[in-house]
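Novice: So the sequences go chain by chain: A, B and C.
Here the numbering used here is used: the first residue of the first sequence is 1, the next is one more, and so on.
Here the numbering used here is used: the first residue of the second sequence is 1, the next is one more, and so on.
Here the numbering used here is used: the first residue of the third sequence is 1, the next is one more, and so on.
Keep in mind that the hints were calculated from the coordinates and are not lab data.
Where is the CB? At the ideal position from N, CA and C, for every residue including glycine.
The reader is advised that the hints may include incorrect statements.
[What the hints assert, rightly or not] Listed below are the simulated DSS-like cross-link pairs for lysine-lysine, each with C-alpha atoms no more than 27 Å apart in a straight line:
no., chain 1, residue 1, chain 2, residue 2
1, B, K86, B, K76
2, C, K11, A, K56
3, A, K108, C, K11
4, A, K58, C, K21
5, A, K127, A, K88
6, B, K130, B, K90
7, C, K10, C, K84
8, B, K130, B, K189
9, B, K86, B, K70
10, B, K90, B, K101
11, C, K81, C, K11
12, C, K81, A, K88
13, C, K84, A, K58
14, C, K21, A, K88
15, C, K13, A, K127
16, A, K88, A, K56
17, B, K86, C, K13
18, A, K108, A, K56
19, C, K81, A, K58
20, A, K88, C, K84
21, A, K56, C, K21
22, C, K21, B, K86
23, A, K88, C, K13
24, B, K76, B, K90
25, C, K84, A, K108
[Stated by the list, open to error] On the chain A side, residues computed to face chain B include the following (Cβ under 8 Å):
no., residue
26, P36
27, P63
28, S70
29, T74
30, D124
31, Q126
[Stated by the list, open to error] Which chain A residues stay away from chain C? Per the calculated CB distances, all over 12 Å, these:
no., residue
32, V92
33, P100
34, R121
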Amino acid sequence: MRRQPVPTRRRFLGLAAGAIGALPAAISVRPAEATPEMMATAIRAVTGGAPVQTGKVKLDIPPLVENGNSVPMTVSVTSAMTANDYVKSIHVFNEKNPQPNLGNFYLKPNAGRAQVSTRVRLADSQKITAIAKLSDGSFWSTTADVVVTLAACTEDVI
Amino acid sequence: MKATATIVLTSLLIVAGIVPRPLIATEIPASERRSGYTFMGAETRAMQDDDTTNPGMLGVLDGEALWNRKAGSAGKSCAGCHQDAKVTMKGVAARYPAYDKELSRPVNLEQRINLCRTRHQQAEPLAYEKHELLALTTYVAEQSRGMPITPDPTPELQPFVAKGRDLFMHRQGQLNIACTNCHDDNWDKHLAGAAITQAMPTGYPIYRLDWQSLGSLERRLRNCITGQRAQNYDYGAVELVELELYLMARARGMPIETPAVRP
Amino acid sequence: MTAALINVPKKAKAGDIIEIKALTSHVMETGYRHTATGEVIPRDIITSFTCRFEGDEVFRADFFPATAANPFISFFTNASKSGKFDFEWIGDNGFSQTASASITVE
Numbered sequence: 001m002r003r004q005p006v007p008t009r010r011r012f013l014g015l016a017a018g019a020i021g022a023l024p025a026a027i028s029v030r031p032a033e034a035t036p037e038m039m040a041t042a043i044r045a046v047t048g049g050a051p052v053q054t055g056k057v058k059l060d061i062p063p064l065v066e067n068g069n070s071v072p073m074t075v076s077v078t079s080a081m082t083a084n085d086y087v088k089s090i091h092v093f094n095e096k097n098p099q100p101n102l103g104n105f106y107l108k109p110n111a112g113r114a115q116v117s118t119r120v121r122l123a124d125s126q127k128i129t130a131i132a133k134l135s136d137g138s139f140w141s142t143t144a145d146v147v148v149t150l151a152a153c154t155e156d157v158i
Numbered sequence: 001m002k003a004t005a006t007i008v009l010t011s012l013l014i015v016a017g018i019v020p021r022p023l024i025a026t027e028i029p030a031s032e033r034r035s036g037y038t039f040m041g042a043e044t045r046a047m048q049d050d051d052t053t054n055p056g057m058l059g060v061l062d063g064e065a066l067w068n069r070k071a072g073s074a075g076k077s078c079a080g081c082h083q084d085a086k087v088t089m090k091g092v093a094a095r096y097p098a099y100d101k102e103l104s105r106p107v108n109l110e111q112r113i114n115l116c117r118t119r120h121q122q123a124e125p126l127a128y129e130k131h132e133l134l135a136l137t138t139y140v141a142e143q144s145r146g147m148p149i150t151p152d153p154t155p156e157l158q159p160f161v162a163k164g165r166d167l168f169m170h171r172q173g174q175l176n177i178a179c180t181n182c183h184d185d186n187w188d189k190h191l192a193g194a195a196i197t198q199a200m201p202t203g204y205p206i207y208r209l210d211w212q213s214l215g216s217l218e219r220r221l222r223n224c225i226t227g228q229r230a231q232n233y234d235y236g237a238v239e240l241v242e243l244e245l246y247l248m249a250r251a252r253g254m255p256i257e258t259p260a261v262r263p
Numbered sequence: 001m002t003a004a005l006i007n008v009p010k011k012a013k014a015g016d017i018i019e020i021k022a023l024t025s026h027v028m029e030t031g032y033r034h035t036a037t038g039e040v041i042p043r044d045i046i047t048s049f050t051c052r053f054e055g056d057e058v059f060r061a062d063f064f065p066a067t068a069a070n071p072f073i074s075f076f077t078n079a080s081k082s083g084k085f086d087f088e089w090i091g092d093n094g095f096s097q098t099a100s101a102s103i104t105v106e
């Protein structure tokens with residue numbers, strides 16, 4: 001059987017990493033980044049400047065992400081979910097996408113459980129903030145850090 | 001030229017029955033073969049495992065609708081000839097690419113579906129990588145989910161498998177690197193954060209997060225060829241089908257996962 | 001073609017808290033990408049998702065360019081009686097998609 005000599009592993013990895021690194025990113029997802037200030041502004045638009053307390057909110061998002069195009073995320077809020085004590089809405093923000101919003105979710109008292117899941121795009125490793133608005137007008141929040149690793153073989157636009 | 005000589009010699013050996021299937025010997029020992037699934041993170045595996053969250057299932061749903069829709073001047077749907085895909089298409093994807101006598105060459109599943117459109121429905125072929133062809137292919141392949149890959153044993157096919165193997169072993173492109181250098185020799189390594197994996201074609205068409213859509217095995221192969229900085233092949237080129245044939249031979253016995261999710 | 005994959009339990013007991021999952025086909029083009037020749041690919045996203053039970057809003061979401069392609073959403077509701085859930089997605093360029101699913105509550 002014909003088998004060509006295989007390069008040494010060190011040489012191989014050097015070559016291949018060079019190849020991948022030099023590949024042109026065919027389509028850029030990052031014209032301008034949102035900034036922590038833009039995130040703060042977006043948060044103020046939701047809270048109207050009311051104080052935001054830490055607690056009650058849980059944000060499940062993988063700390064290390066294989067591909068930023070689809071990052072699963074679950075937000076849950078500790079709440080009785082009764083007619084006079086419930087979560088009205090949940091808002092999720094990011095610092096480094098071109099735009100600071102990841103999602104707004106509006107709940108009703110009969111939801112039974114204040115929990116939503118979705119999948120979002122993250123252009124970079126960054127901090128994510130989730131804020132819940134309760135029926136008594138109070139705001140609660142939590143944050144999580146996400147590290148995004150990039151995909152290897154990119155391709156031309158088809 | 002050395003390559004051609006090898007193929008000729010090997011084909012001769014096959015015809016002579018001296019070495020029954022010398023080229024299907026796996027470079028990775030059978031016990032060490034792993035689907036790309038096993039290299040993925042927990043979240044990506046979960047996305048594939050749950051049909052209610054796997055975006056590839058949207059393709060299956062569209063494919064089912066297309067299966068039952070009349071097309072072409074023959075006024076026939078796929079179902080009009082093949083009835084219930086759950087019965088008639090079970091196991092089909094597990095043995096593709098297959099040999100087409102009329103063309104005297106192997107055809108992959110996408111090409112078979114397009115042959116049915118032109119030969120039997122009198123319809124235009126569907127374009128590669130467009131949603132309709134991907135959806136139909138995904139729907140047909142999903143009928144083999146969980147079934148072991150069982151390559152088409154037709155003797156006429158073997159020289160094409162041999163060529164596919166040769167392409168896999170052949171160093172090419174500006175990097176002068178072969179598929180085997182990554183996928184046989186370095187599958188346990190990472191490149192720029194991505195697991196290299198063993199290049200097992202178990203889940204196609206796949207929903208790839210990088211593409212944000214379904215895509216075929218040929219699209220995946222073209223990505224890797226671009227990565228080699230080598231001259232690429234057009235969709236449907238016999239070289240790509242030969243590579244597919246070799247990859248399926250290499251993955252003999254591994255279960256079909258369509259629609260798989262990959263990063 | 002567009003398809004939606006809805007997951008609602010077919011049956012529940014009164015008072016059960018049920019999970020509803022909805023997945024729909026959409027490219028969710030961000031408006032921030034460029035073609036190979038440098039032109040901006042215009043934004044084309046779903047902007048809102050609403051679930052109603054027998055006409056009353058149960059849950060609503062705003063989507064953004066940061067929502068992954070083929071948007072997935074899951075949420076909960078209290079199963080009180082038998083009836084029909086209606087789902088509606090609205091987006092750029094007049095996009096509109098609907099789906100429904102029924103539940104039997106015992």
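Novice: Check whether the Cα positions of K11(C) and K56(A) lie no farther apart than 27 Å.
Specialist: violated, 31 Å
Novice: Keeping to a limit of 27 Å between CA atoms, is the pair of K108(A) and K11(C) held or broken?
Specialist: Measuring from Cα to Cα gives roughly 22 Å; hence the hint holds.
Novice: Hint validation: Q126(A) versus chain B, beta carbon distance must be below 8 Å. Holds or violated?
Specialist: With Cβ-Cβ at 16 Å, over 8 Å, it is violated.
Novice: Is it true that the CA of K76(B) sits at most 27 Å from the CA of K90(B)?
Specialist: Holds, at roughly 21 Å.
Novice: Is K86(B) close enough to K70(B), meaning Cα to Cα at most 27 Å?
Specialist: holds, 19 Å
Novice: Would P100(A) pass as off the interface with chain C, using Cβ distances and a cut of 12 Å?
Specialist: violated, 9 Å
Novice: Does K58(A) pair with K21(C) here, judged by a C-alpha cut-off of 27 Å?
Specialist: holds, 20 Å
Novice: Identify whether the interface hint at P63(A) stands, where standing means a beta carbon of chain B within less than 8 Å of its own.
Specialist: Violated, about 11 Å.
Novice: Between the alpha carbons of K10(C) and K84(C), is the straight-line distance 27 Å or under?
Specialist: holds, 11 Å
Novice: For the pair supplied as a hint, K81(C) and K11(C), confirm whether the alpha-carbon distance does not exceed 27 Å.
Specialist: holds, 10 Å
Novice: Take a quick look at whether K13(C) and K127(A) sit within 27 Å of each other, Cα to Cα.
Specialist: Violated, at roughly 40 Å.
Novice: Assess, step by step, whether the Cα of K88(A) is no farther than 27 Å from the Cα of K13(C), and give holds or violated.
Specialist: Measuring from Cα to Cα gives roughly 25 Å; hence the hint holds.
Of the numbered hints given earlier, the model fails hints 2, 8, 13, 15, 17, 19, 26, 27, 29, 30, 31, 32, 33 and 34; all others are met.
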